[in-house]
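From first to last, the protein sequence lines are chains A and B.
Just so you know, we're using the numbering used here here: the first sequence kicks off at 5 and counts up by one.
Just so you know, we're using the numbering used here here: the second sequence kicks off at 5 and counts up by one.
In case anyone wonders, no lab produced these hints; they're calculated from the structure.
Hints may be right or wrong, so weigh each one.
Unchecked claim - Here are some chain B residues pointing at chain A (derived, C-beta under 7 Å):
hint	residue
1	I20
2	P21
3	A154
4	E159
5	L219
6	D222
No residue lacks a Cβ here, since even glycine has one placed at the ideal position from N, Cα and C.
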Amino acid sequence: MDVTIKISSLFRKFTNGQDFVKVTGNNTIECLHELESRFPKMKRWLYDKQGNLRPQIWFFVNGQKISADELTKPLNDGDELFFVLAISGG
Amino acid sequence: MLSKRELARYERQILIPGWSKSGQEKLKKAKVLVAGAGGLGSAILTYLAVAGVGRIRIIDGDKVELSNLNRQVLHSDKDIGRNKIDSAKEKLEALNPHISVEAIKATIDENNVFDLVADYLIVDAMDNLPARLLLNRVAVKKSLPLFHGAVYGFEGRATTIVPGKTACLRCLYQGVIPGKTPVVGVTPAIIGCIQATEVLKYILGTGELLTDRLLIYDGLSMKFSEVRLKKDPNCCECK
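This is chain A alone, in the form it adopts within the complex:
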């Protein structure tokens, strides 16, 4: 599936400033893997030292938040994937 990943501001430094990156994948995890293979410096923010996807990352498909058990749910052609890091500054 052709999926567009919208890059949030905190990750844009890893994508050379690109706001959107087109990837191919059947689900969120596959799309994320393609993105990180193209921009490997992003990995440190995505995974903990044990290699687990950080729970501080929130994923949205077509603007709707998805839960951790939906990360392998099939995506459709043309879907937009968006993810952000949880922040807590005040």
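Assemble the complex: chain A is given as a structure, and chain B must be docked to it using the hints.
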């Protein structure tokens, strides 16, 4: 009952369709807790005070430091070393003598949070996740609205939580970026103003709230975007 002086003070907002004198009376009777008198809190408190929210309770346990002053505009150089709540109360009472400002020096913990909140509307202007989640717990248990905001650098987020109807903070947060948060003052100013706007709309019963919607402000590209939230059916707080 609003005095002549109050009516004159609030004249321009009373002109807003749907506001009227009765809306202003609602604000005067309202009780709002602002947890945190830092960057977000400075903007929230300022605009709730000048709008005429009648009873404002501020909770903060910190003293003013020099490194706060790039963003915490309720405080200034002469306040360094003072309790933030004292500095904030003084400025707010100068901004609007018609409101009551209660300043409580406290660090929110699980032992005091229920008493501190009482039956006030809750504005989350904290700088740490554990305290935010404690406020969320009280909001859920007491069915009080929680107006959430958070910032990092040039990015900010806001959402409004109405327990029983919307996702709660615990549905969202499983942790945050560790370490010291970089931030420029304009970001909490913008997000704090959005939170204050939500509080005013909630009290007045007007407009559309940011319920089950997360507003994302990206100051670098100067874009606002929005995503939809949903309750986590397995949430340990609100399921």
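Verification of the supplied hints:
For I20 of chain B, the shortest C-beta to C-beta distance to chain A is roughly 29 Å, which exceeds 7 Å, and the interface hint is violated. For P21 of chain B, the interface hint is violated, since its Cβ never comes within 7 Å of a Cβ in chain A; the closest pair sits about 30 Å apart. Hint status for A154 of chain B: holds, given a least beta-carbon distance of 5 Å to chain A, under 7 Å. The interface hint given for E159 of chain B holds, since its Cβ lies 5 Å from the closest Cβ of chain A, which is under the 7 Å cut-off.
Proximity of L219 of chain B to chain A is violated relative to the hint, the smallest CB-CB distance being about 12 Å (cut-off 7 Å). Nearest Cβ of chain A to the Cβ of D222 of chain B: about 5 Å, under the 7 Å cut. The hint holds.
Of the hints listed earlier, those the structure fails to meet are numbers 1, 2, 5, in rising order.
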